[in-house]
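Protein sequences appear in the order of chains A and B.
To convert, note that position 148 of the first sequence is 147 in numbering that gives the first Met the number 0; the numbers rise steadily by one, no gaps.
To convert, note that position 246 of the second sequence is 245 in numbering that gives the first Met the number 0; the numbers rise steadily by one, no gaps.
Misleading hints may appear alongside valid ones.
[Stated by the list, open to error] Heads up, incomplete: computed chain B residues facing chain A, CB under 8 Å, no partners named:
1) T50
2) A86
3) L99
4) Q104
5) R108
Don't read these hints as lab results, they were simulated from the structure.
All figures in this text were calculated on a predicted structure; none of them were measured in a lab.
Note that the Cβ used here is the ideal one computed from N, Cα and C, for glycine as well.
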Amino acid sequence: MTAAYGSLAEPGPIERARWAVADAVVVAGRDVAHWRRQPAAVLVNALFPVLLLLMFVYLLGGGMVVPGGGDYRDFLVPGMLALAMVFGVEATMTAVVTDTARGITDRFRSLPMAPSAVVTGRCLADMASSVVGLAVLIAAGLAIGWRPARVGPALVAVGLLLLLRLAFLWIGIYLGLLARDPAMVMAVQILVWPFVFLSNAFVAASTMPGWLAVVAEWNPLAGTVTAVRGLFGAPVGTGGGWATEHATLLAVLWPVLLTVVFAVLSVRRFQRLSR
Amino acid sequence: MVSAISIAGLTKKYEKKVVLDGIDLRVRSGTVCALLGPNGAGKTTTVRIMTTLVRPDAGRIEVAGIDVVRDPRAARARIGLIGQQPAVDDVLGARQNLVLFARLQHLGRRAAGARADELLEQVGLAGTGTQPVRQFSGGMRRRLDIAAGLVLAPEVLFLDEPTTGLDPAGRRDVWDAIRALVAGGTTVLLTTQYLEEAERLADDVCVLDGGRLVAQGTPGELTAAIGGDRLELVVTDPGRAREAALLAERAAAAGPARDQAGAGERVVVPVSRRPGVVGAVVRALDEAGIAVDDVVLRATTLDEAYLRITGRNDERTEVPA
């Protein structure tokens, strides 16, 4: 009976790898189908950072002074771009929690598909939506008069931003597997605010009181923000310790470290589902 | 007889708690087996182990002739799982859902579409078009869920409490769908808390309690073991309850109850429904001078069935509301 719908022969390693990729694309395709069906949700998600950008530039920006001089708008846009990458953690976590709570993760696990595709499919989909989100936010920045200095470094900056998103994607997957209840996403949605404010995304860390400035400088978000500001040719704000001086190094090290740690934790958590 | 499921010595512990304590089970090919038991009996764990989602601590588990622990991938290609809650994407439509699951089982684009249409027809959802699953009724959602478990025409289908939370119409829908499957030759293992569901669908019923199989047989055999109906008496003098119970049992010609009668005025006696049984009991009590305030003849409740089979409680003193 089964033979009519596919071969049951044990696949070789190449065949397996091919299916792992194909399955991941199908899993990610499910998200694309969601976007098509819920364009409003996609729009809200993409426009929220734009709204923040506009509020900070036009409502708060008048009172902002960038230490070392420079326009607050140019200072803020790179910060907002990095912020949008961190906010992605909520989308990833929500998707993982919902699928696990609804039994969809278990259904995937009971299918003869590549087990890795459950997670790699999520990565593909979330990275794709982040690229779109970044494009929208960059377009908004350009629309209000922000201009990156040169194209080459700007592309490197986009690469660093996506690397940061990758790190927060894995944090999101881990938190999603950890959470038993979709209500826990709320907690993360709240906690992400102090996390992003305790960085140099909105104001230079040097304007904060002593020890807070140090914490803000070492925030995994901060390295990316400073490095991206440099690459876009925006004012970076003066003052700062070792972390600020080596921002580009941290902009690579932090996301790589977080990705490795949370990928390992997530895989272990995923395996624990069979206990 | 060919076994579609064959389990020997299945054991599973969580921390120190023994969830499954040496289960042996065989399900013949092409039959329906109902795993009946209260919450926490270990039904879901058993199903999750048989469907490769959870690893057992000990035991040999073969499904469709495949060792599920040694070769989970091959097992997954031959089984369908329908979990406790409908595991379908509720943003997508019914057809989109089925195409998604078919593609993940490596059907080509065209074959996936064709299979999806076939299944939609089979479960009566062909007319739903692009309507998102979110707008489906509970029964429709469940039928889609069942269809999603049938993509590869599995040899063995597992349903974990398929009708829990459904209204009577939805329940009938699901029962019909399961009957149609069995007519097509699929072996079905379903778990349920409802004796009625087991009676209606299953060829064999296994009662699971506290991680052990405590009874096994056809629905007819089990109902006979549980003992048909109950006669409930309220005696005026609680001091004579034990005496009343013995007299009533004798008069009703029921098998000797294994439980000890306790204190209390309420007496419950297993009886088989036959003409004159109530009269005989009341006469016997009257002759012994035991006054009776109330007499009720009613069907055995599932609670009593569990208690009877597991033999853990004194049925005559603990009457479920």
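Do the hints match the structure? See the list:
Residue-level restraint check for T50 (chain B) holds (minimum Cβ-Cβ distance to chain A is 5 Å; threshold 8 Å). Look at A86 (chain B): its Cβ gets to within about 4 Å of chain A, closer than 8 Å, so that hint holds up. The closest approach between the C-beta of L99 (chain B) and any C-beta of chain A is roughly 6 Å, which is under the 8 Å cut-off, so the hint is satisfied. Proximity of Q104 (chain B) to chain A holds as hinted, the smallest CB-CB distance being about 6 Å (cut-off 8 Å).
Nearest Cβ of chain A to the Cβ of R108 (chain B): about 10 Å, over the 8 Å cut. The hint is violated.
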